[in-house]
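From the two separate chains plus the hints, produce the assembled complex.
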Amino acid sequence: MFIPLKHVRALRFIQFLFLLALTVSFTPLARAQTPPVWDSAQQMRDLAFQAQSELYAAARASDPAANYQTAASLLDDAAKIYAASLQPAYKKSAPTADALVLDSLTRARTAALDGNASALAAARGRLWTALLQGSQTLTLSTLEAGDTASAAEWLKLREYRESTRVSAVDDPSAKALADVEQNQLSAESAAEIIANDLRDSYFFRLRDALTQINDAVEKDFATRAAEWAGQSAGYFSILQADMTEKLGADETAALSESFAALESAALNEDWVEVKTQANDIHAALTNYQPVELTPAEISKRGQLLYLFTDLIYVEYKNGVRDGKITIAIEYQEAVTFHAQALAVFEELRPFIAEADPNAAAHLETIFGELKTAILNYAEPSEVKTLVDEALGIVQTTLQVSADSSDTSASFTILDTLLNEMLNAVRMGNYADAERTRIEAYAIYESGPEQRLAHRAPVLSRELEGLFWEGTEGQKGLSTLIAEKAPAEEIAASVNQLNVKLNEAEDFLSVGMSGWLAVINSLVIILREGLEAVLILGAILGYLSATNSPRKFSAWVYLGAAFAIALSVLLWWAAQSLITVTVAQREVIEGVSSLLAVVVLFYVTNWLFEKVYVVDWIAYVKEQVGKALNSGSALALAGLGFTVVFREGFETVLFYQALAFDAQASSIWLGFIIGAVIIFAIAYAILKLSKRLPLKPFFAVTGLLLMFLAFNLTGAGVRGLQEAGLVSAHLLAWIPENLILMELFGVYPTLETTLAQILFLLLLIATFSYSVWRKKKKSALITQPKGVS
Amino acid sequence: MKKNWITSLTGILTLSLILASCAPQAAPTVDSASTDIPAAQADLSAVKAYAVDQASRMQEATASLRAGAEKYYAAIEQIKADHPDSNPYEYLWANHPEAAKTLLDKMRADWLEAHTHYELNEGIIAGVPALAYYDGWLDAGASASEDPEAIQWTLKLADGTTLESPGNFFHTLTEPILYGTVEKYVGLAVDLNGDGSLGLGEALPEGEILLASAQGLDIAAQQTLDAVNAWEPTLEDAFMAMITMIPTMNEYFEQWKLSTFVSGNNFEGTGFIAASRLLDVTGILQGLDLTYDNIRPVVANADPALDTQIDAGFADLVKYVNDLFDKEKAGMVFTPEEADAFGTEAQDKATALAALVAQAAAKANIPLNLEAEGWSPDAPPVIEVTVPAPAPIE
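Residue numbers (numbering that gives the first Met the number 0), protein chains in the order written: chain W, 0 to 787; chain V, 0 to 393.
These are calculated hints, taken from the structure and not from any lab test. Values in this document were obtained by computation on a predicted structure and should not be read as measured data. In this text, a Cβ means the ideal position worked out from N, Cα and C, and glycines have one as well. Mixed in with the good hints there might be a few duds.
Claimed, not checked - Computed list of lysine-lysine pairs in DSBU-like fashion (alpha-carbon distance at most 35 Å, straight line): (1) LYS47(V) - LYS155(V); (2) LYS183(V) - LYS218(W); (3) LYS326(V) - LYS79(W); (4) LYS70(V) - LYS105(V).
Stated by the list, open to error - Take a look, some chain V residues computed to stay more than 12 Å from chain W by CB distance: (5) TYR49; (6) LYS79; (7) HIS82; (8) ALA98; (9) THR101; (10) LEU102; (11) LYS155; (12) ALA157; (13) GLY159; (14) LEU187; (15) GLY195; (16) THR307.
Stated by the list, open to error - Partner residues aside, some chain V positions facing chain W, computed with beta carbon under 7 Å: (17) GLN221; (18) GLU336; (19) THR350; (20) SER375.
Chain V on its own, in the form it takes in the complex (with noise of 0.2 Å):
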């Protein structure tokens, strides 16, 4: 009885024991993606040397700014010193007008040509978790009056000012205050094409402003190119990169329409006067273009017909942009009620591509995560002016 007793519990207890410890663990993770692909490779070698090339160029173009604006800085303090008693920017358009006049235009050369670089690169830089910080302070981020939520930043005047986070270095700070489109940071309203007029951009700009923003935005440069050399390229970059930077055409659209460019010397805005927001866009196609030509092979080898058409998809979209672009560049200036319907158009061929690109993600197993938060610094940053000694300019 006793054997058959603890028999029976033995058996009782294992089995109890076997049961217990046999609840249904977590089930094999679920992927919404086809488990069928194999694994998609991409050499994005050519992506990051793009990216590299193009960040390397505009901070070569921010130096060289910054060292006209440390000049017309050094300029300005020789003048108060030797001049105490005169309006600085006005003894300089009266006695040096030529050399300012010179040094002004070769600032905003540089400014063009490295902004020109950054649009070349703004499809990956802004369309890249790890990058994006960069352009939120470099070209799109908003100033705290307008955003609550604006990139934390300080830049620091020589004369003590500070600003809390003023926005982005090219648009809310040196386009505005190399063409003196925000009247604070004017130093002089000036005839700079002798027609006897003070039209658009004739002004020259106001020192402490310049100096500071020209200083930051060439460390801003730095930094980003210090980034883009230190990022290792992944697909989910490259998708990212193109499912996040394609719907944006309609923003920059937007913005074209408000332009100089579209509605000429009715212009109300502060920034995209040097260069038109189409720009910006062929910039950011081109450098998603590359992208995509780059992963053709993991998109092919999923589905061939959807390479097909996202690759055609890209085409007609650059080329259509290009072609508007070439227009504007050849001297027209579209009416609002035109620039709205190319707007339009374009925003069309991109929401379809777009979606083409995401469907393509979920074919070749490419996680995306939109919500997924980029890299910030530890610190906000703090712009800090280096002062230049006064001296005259010529």
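Next comes chain W alone, as it looks inside the complex (with noise of 0.2 Å):
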């Protein structure tokens, strides 16, 4: 049958479109009947182990060449499996993990025929490595290619760290792919996150391979040690390349051939050579460190280091006198201390070594006897000469400074000691627990709050109730030990306090740009300086306004150069000198507050009786060419020195909090913007009071004088709640608001509520008696001469 070429080509089209949609249609079911990656590879291993077990069943059964037939048949679905899921993939793109696998069957089959048991095991132990082996590299090759869901898809068959009850496994590697996709991260950067994380995660199983080699070796479980050499030798291999790199090739080929010739010895059953060879790669392998760290990590680490080893001493001799615990909240604190400081430093083992062979070891030397020091309550200068040349090692291989202050190890230490205390509380010991609150505030209190009292002051205030009175309805630590609370209430305290310290830890690690830097800066000077250049700016306005003699002036700004010079030298002692802890500062504070206050009442009361009961016209002129007597003399240095002193300590602290936040260009360009604001104000202040009227200027100064000091008593007051010489019970109808606290020193505390009444109170009454002088004055002057 003659059939048109027009409908021939018609024909053929819809033959090609036809078979173009059976193969459209069938592919995705094609495709979702090849399981995962991670599905295909755990079938091999499963198939695997199995025939291991066939080989154990062997050993009891009567005809075990039926389970070696078995076995071995087993091992050749394995291989089935492999050939149709993986290998194309691994050929192509992994070839070195391809033969390994592929040699890896060979002999496994080989020896399950053979009813060789250790042979197998060692080959199931190269089998799985080599598996690991190439789906790290088409891990890594996938997503170099751009292709992030085949990365995502490889990334499954994977090992990790060990996790325990108390540690989950983090999965850094997971959130890097995540983040790739949602474009948060560059390919480069997640590959380096990832090549980090499964190294790490394998020289963690390598170290753990040798160590069970050992405790096989020990009790005689020839297969089981056989296996593990398998997976040690398996293991290297995937971080040969990486070792090669830092350890130098000829130490990695002299690892390689230790590697052979233990699994070699384990094979034979040689446990002597075993054991030599499994202490020399881990001995060769104490200088390897898999995961890159950067030089700010490793400063973070060493800061952590160096803290917990001052830390050491620190409770140690709180808790230990004459060869008995006095203190066992104190003592056992030293020994967790001990032990983290340890964990600390096998990780920063290769950097020590690094800067001085021998510092490594011998720090390692000081550790153990720090540990037999310890078990042994020895005394505690003993322990703090020990400790003291630890700290020496760390400071100078590390280049770790002295400044304990690194706040991402004292998020750290926070969190051992709540735990200790709560640990205390548990116990039904309520003082221990209380020491420890105290100490941990301590260190709070000297790293992050530093920094987050400016950048986050809502944050700050919270956490500071929580380890105090309380904060938004919940009781603070400070109060429910003090009412001796029970256990469970104490524990939601401190995990409403740890959840708050997380927010507080995750603030603090973004970094502050540079214009936030000047606007931080800025703020520090602006509020700290605003107050006392308001106030007296407003007294130096008034005394010039009311033509008073110079002498006047220059006693206040001698009191307020004189504060500013004593805030200076303190901060300068505080560095070099003397230690000022955190709650020496907070006495300091406390008490320069309510000495304040003082001082403005008695300046209030003596400006207000020579205005407005003498009449300070008069009394100016009665001071033209005589020196001031020692009571106004005092009354205006002290005015000068108190409403400076407060605010210059507290300046220096937040700067020096702000740099560790912050470039020193921005921190100075926000200075000076500040200070030239400041001078703007002083000056224009100064320029006013000229023009204003003197009683009302007066009126509205005494005001300011009085607000300051009503702020500064509550204020004072907290100074001292904080240094622990005053209690803080919570008045929880009082509310929680920053700008209470701030600006009119209301916190929600008993103590400083009847500190401000009973200063209102004393107000009331002076002013009461001053105006009541005044009417007894006004009345003798009125009354007509003569009359008695």
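Dropping the structure here:
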């Protein structure tokens, strides 16, 4: 039958479309039937283990040959899965791993047929690690090619560090891939994270395998020893390239020979040789660091090591005397910090060794001697000697400064101390718990709080409340411990505190941009300086407006200058000569605030009397040509000193904290701008004050002074509460508001409230007395002469 | 001029006040987990129903065990009263061997029943902070002699003896008491199976400690049931249970390796003689598997592929342990090396599974605080014996 050409072409086109549709419709189905790579690998592993089980069963069987054959069949199944699911990708992109897998399958099969359980176990160890090696290669290569979906699939075939009841396994790799998909991270950065994570996990597994080998040898588990030997050789293969880069080709080649010798010795059940090789490998690996730590990370961990080591003695000296434990919780904390210091040391060991080859070994010896000393309740002086020696090594090799206010390390310490505190509560030792709480607060205030106070004052206030009397309806730890609250209630408070501490840690981990640093610096000088400038400016302006002799304002300037000098001197001394603890700092602030209240009270009354009772102009005229009497001089100088000193010391500390987060140039820029503004305000006030009516101006100034005194009354008592000198009872009905606290010194505690009420009562009393005196004086003046 | 100055000052002051008050506040909370995933929901009523059911059955068995212990104690006291010059345990065995054996067998069966139902619940109870205290008290806690931070509680015997923090009810008290693996808990070693020799577990328990422990176990079981009834499960509880309990496989297999089910009569421990540690493992896994089944929608919503992998992981681990347990129940006694191999394989599976579950929690925005302190009673419990009146055993 003749079919016209055009119809033929149409028919062929239709045929093509049909086949195309058929192919497309079946492809998803076909794809759906291919198991994920992790599933295929797990099936292979399970089949290999079943093969091993067959050889165990063969030891009991009357006809072991059947078991051997079954084992070989199972391995054949594993080989088929590999060929179908994984080999195409392995062969193409991970040929080394492909070769290892095929070799392992072959050796495993041979061992199964021979009934050689040890050889099969070693081959299984090699097989699994070869699969992991291939998946690592493919993860990174597909990521590099921009195929994140494939990379995520290959990444599912991996191992992790061992998790415990109290430490879940972290998975930065999965997060990195997710970030790449959301365009929040570059593929290159993600590859670095993934490579670090996988190397870290496999190095962990390698060290575990070496430990397990020794354990198996001790128990005479030949098959198990062989499996661990095979696995450890496999993990080494995964890490070999990185080791070559970090340890050098020669050393890595030597390691390769050691692993081969280890496996051979295990297969021959030469346990002496196994132990020798395992120990040699372990020693050779002590300087290998699988994860690339940035200098910043090394520095942070170095700070942590320094802090932990330092705290060993700090705690121990309070806990042991004359060979006996005096305060159990302090002793326990010393033990805890020793263990934590040791853990960080192990991580940093390669870097310490890099700086000084002998230092790492020496430091290890010191930690060992410390442990012995602590266990034997040695004298604190002995522990101090060892700690000082260790600190010196850490400082020298890791370039760590003695400043222990590194906040990331502080959060770790806080975690430890809060756990110790809870343990003390559970054992009914509330006194110990309180001691630990104060230590924890001291760590918080000397570190994170310094940076939080001006960057996140709301969060800072919440944390402070949780440490002390409470916040947002939640009682604070100080209150709960004082009430000897049940452990459950205190635990809930600690949980809340931990949530906020985590929030703070996350917040502080984010750096500060240049402009933000400028603004923060500007705000510090404005906030701290504005108050002083307004008040002093008003007083000086008033003195100038009333043509008071220069000596009046000179005393005020003198007091202010002395306060500035003392602030700087005290800060310098704290850095160089003495240790000002947080509690001592709080005492300084608290006492200086209350002293300021007294001086302000005195000055205001003095001014009020001179203006309203005596008459200021007359008083001023009287003082011309005379030296100011001591009371007046003290009043004016005291005014200048107290207004400035309290703000001055705090300003220095705030800038010190800001320096952790910001560049010096940004800080200086903000400071200069703020200082210019402050001086401009001061100048304007001085100029303005000459044009204002005296008594209303004085009234406003007096009100400002009293307002400041009211604020300082609350703040001063608060400082003493934070120093632990005054109790803190929560008054829940007083709102917890940052403005109330910062501007009015109103805190939700009984003690601060009572102090402020007392202040107001005194103020009313003295004001009333002055008014009464004024009226009495006026009455005497207006009474006609001769009238008695 | 005056106006200019006032204007200038007002402007400067206003600007300064604004700047001073505009101090950067705390940034919005940095949440390490993705904020793109919508809030996840799961119906955990089935998990609670399961936990209540198992706790109820456990308590029924402990009540029965308690009754048996009181009957045993009453019989011993009756013998002491009637025959003050005789060893009451020798008298009992000499004159009422069948009754004594029947009663002891019943108590052992009750113990196994109670323990089985606890193990089926352990994955939830031990993993949930609000309930974990009971795991320590009933099953996992060490005694004060082993651990300075052991759970504090007091057991007062009828004869005035006081035991401080003696450990957990199941494995440091009632099991060794019922199976005679601790010498001071033995009233009399007797040939229970009549083979002419005294083997492992062949002993009559000492009455005082048996009474106190059985009554205490029942009290603790009732309190556990009350706590489970009051518990309102959350997603956090579910994830916490899985992440804390899955890694415990290693500990359980370590104990299994040392138990009689692996090394036979070379057994050196005092516990896990009645029931294999594999029973614990299968029970825990059953509870955790049920828990995961009920939160799958949450995980699948966040990452379907991860949900598939976790589900497969659970299925694989459950099958693996069940197969092992079946072999053991069929009479297979594993060599220590075999147990080491099987245990390690299980641990590797568990480690991988725990990591996946932790990933799932992160993707589902479920915060985990593994260091959170769980519930504990206001004061350490004090268990005092209620002494039954003497009565003959038959």
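Status of the hints after comparison with the structure:
Among the hinted pairs, LYS47(V) with LYS155(V) is consistent with the structure: their alpha-carbon atoms are about 33 Å apart, no more than 35 Å. At most 35 Å may separate the alpha-carbon atoms for a hinted pair to count; LYS183(V) and LYS218(W) meet this at roughly 32 Å. Between LYS326(V) and LYS79(W) the CA atoms are separated by roughly 28 Å; this keeps the pair inside 35 Å, and the hint holds. Taking the CA atoms of LYS70(V) and LYS105(V), the gap is about 12 Å. The hint holds against a cut of 35 Å.
Every C-beta of chain W lies more than 12 Å from that of TYR49(V), the closest at about 22 Å, which supports listing it as non-interface. Residue placement check: LYS79(V) keeps its beta carbon more than 12 Å from all beta carbons of chain W (closest about 39 Å). Non-interface status of HIS82(V) relative to chain W is upheld: no Cβ of that chain comes within 12 Å, the nearest being about 46 Å off. With a cut of 12 Å on Cβ distances, ALA98(V) stays outside the contact zone with chain W, its closest approach being about 41 Å.
Even its closest Cβ contact with chain W, about 37 Å, leaves THR101(V) beyond 12 Å, as expected for a residue assigned away from the interface. At the 12 Å boundary, the C-beta of LEU102(V) stays outside the reach of chain W, the nearest C-beta of that chain being 38 Å off. Look at LYS155(V): its CB is around 20 Å from the nearest CB on chain W, clear of 12 Å, so calling it non-interface holds up. In this structure ALA157(V) is separated from chain W by more than 12 Å, as the shortest Cβ-Cβ distance comes to about 28 Å.
Chain W leaves GLY159(V) outside its interface by the beta-carbon criterion, the shortest separation being 25 Å against a cut-off of 12 Å. Listed as outside the interface, LEU187(V) is consistent with that label: its C-beta sits roughly 37 Å from the nearest C-beta of chain W, beyond the 12 Å cut-off. No beta-carbon of chain W comes within 12 Å of the beta-carbon of GLY195(V); the shortest separation is about 29 Å. Listed as a non-interface residue, THR307(V) fails to keep its Cβ farther than 12 Å from every Cβ of chain W; the least gap is roughly 8 Å.
Checking GLN221(V) against chain W: minimum C-beta separation of about 20 Å lies over 7 Å; hint violated. Against a cut-off of 7 Å between C-beta atoms, the interface hint on GLU336(V) holds, since the closest Cβ of chain W lies about 4 Å away. For the restraint placing THR350(V) at the interface with chain W, the shortest Cβ-Cβ distance is roughly 5 Å, inside the 7 Å limit, so the hint holds. Residue-level restraint check for SER375(V) holds (minimum Cβ-Cβ distance to chain W is 6 Å; threshold 7 Å).
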